[in-house]
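Using the sequences plus the hints, can you model the full thing?
Protein chains: 2
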Amino acid sequence: MKPIKIAIIGYGKIAADQHVPSLAGNPRFELVATSSRSGQGVEPIFVDWRELLDKAEGLEAVAITTPPSVRHEIAATCIEKGLHVLLEKPPAVTLSEIDDLASLAEAKGVTLYATWHSRHNPSVPVAAEALAGKRIASMQISWQEDVHKWHPGQQWIWEAGGFGVFDPGINAFSIVTAIFPGALFVRSADLSVPSNAQTPIAAEIDFASEVADGALHASLDFRRTEGEEWTIDIRTSDGRTVLLEDGGARLFIDGEEQNLAGAGEYPDIYREFVDLIDERRSSVDVRPLRLVADCYLTASQRKVEPITM
Amino acid sequence: MKPIKIAIIGYGKIAADQHVPSLAGNPRFELVATSSRSGQGVEPIFVDWRELLDKAEGLEAVAITTPPSVRHEIAATCIEKGLHVLLEKPPAVTLSEIDDLASLAEAKGVTLYATWHSRHNPSVPVAAEALAGKRIASMQISWQEDVHKWHPGQQWIWEAGGFGVFDPGINAFSIVTAIFPGALFVRSADLSVPSNAQTPIAAEIDFASEVADGALHASLDFRRTEGEEWTIDIRTSDGRTVLLEDGGARLFIDGEEQNLAGAGEYPDIYREFVDLIDERRSSVDVRPLRLVADCYLTASQRKVEPITM
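Top to bottom, those sequences are chains L and R. Heads up: the first sequence begins at 1 in full-length UniProt numbering, then just goes up one per residue. Heads up: the second sequence begins at 1 in full-length UniProt numbering, then just goes up one per residue.
You may find that some hints are simply not true.
Intra- or inter-copy, both count: the list cannot distinguish identical chains.
[Unchecked claim] Straight-line C-alpha distance at most 30 Å; calculated BS3-like pairs for lysine-lysine:
1) 81 / 134
2) 13 / 89
3) 134 / 2
The set of hints was computed from the structure by calculation and includes no laboratory data.
Here it is as structure tokens:
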């Protein structure tokens, strides 16, 4: 079977660290071009993504890993050209944009894949099964990291539409929407916004759910200076504990670590992209982005000390 | 045909001014009870909406006109009891809540009607037809009013989840999503938030659209002290002008006022509610609320002088 000719549009840390090696390890794909405004990438490199689309012969698919603000325009153009499109998370800045892309892809009969990489840890389906049908006594999400360590040079994260601490926090949302045994509703969101930024550096969020008997909380913080914590701790009303650590890489059920082996987040994403393309299906779950929007709709905002960029 | 027994839950200005007279004028409905925490309403009055649901015999439908923050819980309970539900605008505080209600109503086989009263001006379908298939040269929404005159005592409007100037502004969004000949995307939203409030007192919003050749802008402002302006001015690239004034009550096409007669916003809402119930259909269009969410997702916020409440 001939490999699917794919290009990467937008070439930064996540493209270099994850997308390129995952494509190299998947025989169903052939990476034929990349584009970035900075001129970085894998040859042949285009500075203008429109030129890439014009010149890359036989192109069938693209992975879009630019900052979120330009994804809608690029993705709409690619869909219009009949290309299958994979979107890094978050799939767009606004919910109207991703809804529009889903409609365009359906009309054109191409695959649109809005990825949530954290869901591709093998712990996620196991945790979902452990929680299925249960009532929940408590949930505590702690998603805390040093922004200077994990987002060096990502100035866009602080600008309007840049998501701030929701950029990593949406990874937690993508996991809980996959494993929590009921719908989650944002009840309140206390956002701390640096005086020189437009997006939050920290967020304290309370959720409600019809299956909850106790408090559901998320604590997102970019100001952690020692180490990092990406944990989701859920206790069921009948006494089970489900603890995901390291962003979902490790899973403990009732205190016992589960022995889980998987392909890795991004290799598994590209495995699924092949399946979706083969079956001409799309996968677009807006719930993680919708929870961020819901946080803003219910938010209390406080200004905090400026960040050093 | 026996009238549909309906109750109003939440009894404030909009219930007294609009819902009660519209129900009185529609022979298909019989208003059998109201509830409000303040004890105001039409007899029999319940202070506790749960008691109303228990005691109102033969109840078939409810209109929920409480502040938005409590609508999801009340509506979910009503749907669970098999009642048809009409929601004042906005249908909920968060998008996850309204999505959940739509799923519950579908599962239960009852009618859920998320109303947008401004759409019930007879100008709206006429304006939509005048713009259908056109490219757009410009759009200017001006939605400006004195908050003290139009929202007396509505302290909730300034609290987290209270919408601020988006409470009237969502009326403009409900009209433009019905008449604009393409999808609208929020590109930027400059929000002015009083230092003693959690919601904006003013918003300057830029939109984009694939059918637009020029600027699309909305200017929402609660600080207007003389008169009020609720206008939507759209010019097509082939020279047509479509101007809605007075919140959609008046329509000018190419400068000429259109002679339009209609039942009135709320009588028309209840006429449609009857149709939906008779046909066991729901009507839930989240786009106006989604545009508010999209404004927050792209927002720049500035603190402005405190409001006097």
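Hints and how they fare:
Taking identical chains as interchangeable, the C-alpha atoms of residue 81 and residue 134 lie at most 30 Å apart only when they sit on different chains, with a minimum of 23 Å there against 46 Å within one chain. For a Cα distance limit of 30 Å, the shortest separation of residue 13 from residue 89 inside one copy, 14 Å, qualifies, whereas the shortest one across copies, 44 Å, does not. With identical chains, the CA atoms of residue 134 and residue 2 are never at most 30 Å apart, being 46 Å at best within one copy and 43 Å at best between copies.
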